[in-house]
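**Q** Chain by chain, the residues run as shown.
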Amino acid sequence: MCKECGCELGGGEVKLGGHSHAHGHEHHHHGDHAHGHIPGPVPGPLTLNLSRSLMEKNNRLAERNRGFFRAKRLLVLNVVSSPGSGKTTFIRETAVQLAGKLRLGVIVGDLATDNDAAQLRTAGIPVIQITTGTVCHLDADMVAKAAAQLELDKLDVLVIENVGNLVCPADYDLGEDLRVVLLSTTEGEDKPFKYPPMFHSANVAIVTKSDLAVAAGFNREQALSNLSRVSHHAEVFELSAKTGAGMTGWLDYLAVQRAAVTNQ
Amino acid sequence: MHEVAIMTEAVQMAVETARASGAKRVSALRLRIGQLSGTVPEALQFAWDVVRSGTMAENARLEIESVAPICWCATCQAEFECQDFLNECPRCHNWSGDLRHGRELDIVSVEVN
Numbered sequence: 001m002c003k004e005c006g007c008e009l010g011g012g013e014v015k016l017g018g019h020s021h022a023h024g025h026e027h028h029h030h031g032d033h034a035h036g037h038i039p040g041p042v043p044g045p046l047t048l049n050l051s052r053s054l055m056e057k058n059n060r061l062a063e064r065n066r067g068f069f070r071a072k073r074l075l076v077l078n079v080v081s082s083p084g085s086g087k088t089t090f091i092r093e094t095a096v097q098l099a100g101k102l103r104l105g106v107i108v109g110d111l112a113t114d115n116d117a118a119q120l121r122t123a124g125i126p127v128i129q130i131t132t133g134t135v136c137h138l139d140a141d142m143v144a145k146a147a148a149q150l151e152l153d154k155l156d157v158l159v160i161e162n163v164g165n166l167v168c169p170a171d172y173d174l175g176e177d178l179r180v181v182l183l184s185t186t187e188g189e190d191k192p193f194k195y196p197p198m199f200h201s202a203n204v205a206i207v208t209k210s211d212l213a214v215a216a217g218f219n220r221e222q223a224l225s226n227l228s229r230v231s232h233h234a235e236v237f238e239l240s241a242k243t244g245a246g247m248t249g250w251l252d253y254l255a256v257q258r259a260a261v262t263n264q
Numbered sequence: 001m002h003e004v005a006i007m008t009e010a011v012q013m014a015v016e017t018a019r020a021s022g023a024k025r026v027s028a029l030r031l032r033i034g035q036l037s038g039t040v041p042e043a044l045q046f047a048w049d050v051v052r053s054g055t056m057a058e059n060a061r062l063e064i065e066s067v068a069p070i071c072w073c074a075t076c077q078a079e080f081e082c083q084d085f086l087n088e089c090p091r092c093h094n095w096s097g098d099l100r101h102g103r104e105l106d107i108v109s110v111e112v113n
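Taken in sequence, the protein lines are chains A and B. Residue numbering for the first sequence is 1 to 264, as defined by the working numbering. Residue numbering for the second sequence is 1 to 113, as defined by the working numbering.
Some hints could be false.
SDA-like, lysine to any residue: derived pairs with alpha carbons at most 20 Å apart [said to hold, decoys possible]:
| id | chain 1 | residue 1 | chain 2 | residue 2 |
| --- | --- | --- | --- | --- |
| 1 | A | K57 | B | T8 |
| 2 | B | K24 | A | T47 |
| 3 | A | K57 | B | R32 |
| 4 | A | K154 | A | F68 |
| 5 | A | K194 | B | V40 |
| 6 | B | K24 | A | L50 |
| 7 | A | K57 | B | Q12 |
| 8 | A | K57 | B | V4 |
| 9 | A | K194 | B | L36 |
| 10 | A | K57 | B | L44 |
| 11 | A | K194 | B | E16 |
| 12 | A | K101 | A | V256 |
| 13 | A | K194 | B | Q83 |
| 14 | A | K154 | A | Q257 |
| 15 | A | K194 | B | Q35 |
| 16 | A | K72 | A | K154 |
| 17 | A | K57 | B | M13 |
| 18 | A | K194 | B | P41 |
| 19 | A | K194 | B | L86 |
| 20 | B | K24 | A | L46 |
| 21 | A | K57 | B | V108 |
| 22 | A | K154 | A | R103 |
| 23 | A | K57 | B | A20 |
| 24 | A | K57 | B | E16 |
| 25 | A | K101 | A | T132 |
| 26 | A | K194 | B | R103 |
| 27 | A | K57 | B | V51 |
Treat the hints as calculated values from the structure; they're not laboratory data. Values in this document were obtained by computation on a predicted structure and should not be read as measured data.
Work out the full structure, taking the sequences as your base and the hints as a guide.
**A** Now the structure itself:
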């Protein structure tokens, strides 16, 4: 049916307005007005409404990951921070101190090199490196492919060490249970204000390198106040992975979270 | 930085939609981007110029609707305009982090012909 007048646009001979002609082109009559046989207008632009999220594909894959990880009874962490905040050392010490209680595996994302993976592997931790090239974040698809290379049945906790970047990873759900953001004492207290989407989206905020706080002139009260404003719903821990100070609270929290996943 | 990835996805969705409707090209693409989405309109525009080339959307125009952040106050049961992720309600002065708008990264529509 023609969308202009509702007439049936068919082939063959049709009779319209007192004369007949073959329908070799898009043309039809509305009345008894005089006209020449010129081709009909080219169809104008058509607006198609979508109203869909641009993150839809990633979000769908992330939900698939989440379901898969849940079935494997894994607690999955997405660890994010700026470069050099101590993600790798923090993850390594978490794994080492959990040894004998919980088995931890790691997916590491970096633009280049497998230095972080090598460091973790040396400590006996199962690890898969994702080298993203120019991509500044991990996405759910990369995580799914990397996870397939780990023996997940032998793990209790899967840690995804994201690319060091406080901007882009904020928008990408990977299918994690908890998003853990690190803020090191050497970075400055105002990081949560500078990168609010990331800090706001975190379930856990960890102040790392507490052993360097004095040397760096770190204003602890200010940092915690800033965190409580932007990451107001997040659990906050202060620790030094290097000295071990404050690690117990974090490890106990992790054990509780893992038990919660198992009981679901 | 991830504006390229986001724009690539937008162009892909537009091209798939155009193809499914039997159109020959995409003439316009309309996005709705929240001001707290973590993406910069200028960077999206830059990415757009790169990723559309060689596609059905090569000569399309890009329209970006910017969405101001809106927060929800549970005490007043009302929305209020805000600037940030955590905001003080101008009526009751309680704090709220319940953002109702401002994080959008949506494709609204495509114009095809």
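**Q** Now, for every hint given, state plainly whether the structure supports it.
**A** Status of each hint after checking the structure:
1. A:K57 / B:T8: holds, 12 Å
2. B:K24 / A:T47: holds, 13 Å
3. A:K57 / B:R32: holds, 17 Å
4. A:K154 / A:F68: holds, 15 Å
5. A:K194 / B:V40: holds, 15 Å
6. B:K24 / A:L50: holds, 18 Å
7. A:K57 / B:Q12: holds, 11 Å
8. A:K57 / B:V4: Answer holds: A:K57 to B:V4 is near 15 Å, not above 20 Å.
9. A:K194 / B:L36: holds, 12 Å
10. A:K57 / B:L44: holds, 19 Å
11. A:K194 / B:E16: violated, 37 Å
12. A:K101 / A:V256: Since the Cα atoms of A:K101 and A:V256 sit roughly 12 Å apart, the hinted pair holds (cutoff 20 Å).
13. A:K194 / B:Q83: Since the Cα atoms of A:K194 and B:Q83 sit roughly 14 Å apart, the hinted pair holds (cutoff 20 Å).
14. A:K154 / A:Q257: Roughly 18 Å separates the two Cα atoms, so the pair holds.
15. A:K194 / B:Q35: holds, 15 Å
16. A:K72 / A:K154: OK: A:K72 and A:K154 at ~10 Å, within 20 Å.
17. A:K57 / B:M13: holds, 10 Å
18. A:K194 / B:P41: Holds. A:K194 to B:P41 sits at ~18 Å (cutoff 20 Å).
19. A:K194 / B:L86: holds, 14 Å
20. B:K24 / A:L46: holds, 11 Å
21. A:K57 / B:V108: Holds, because 16 Å separates the two Cα atoms, which is no more than 20 Å.
22. A:K154 / A:R103: holds, 7 Å
23. A:K57 / B:A20: holds, 18 Å
24. A:K57 / B:E16: holds, 13 Å
25. A:K101 / A:T132: Outside the cut-off at roughly 32 Å; violated.
26. A:K194 / B:R103: Satisfied, since the Cα-Cα distance of roughly 16 Å is no more than 20 Å.
27. A:K57 / B:V51: holds, 18 Å
Against the hints set out earlier in the document, violations occur for numbers 11, 25.
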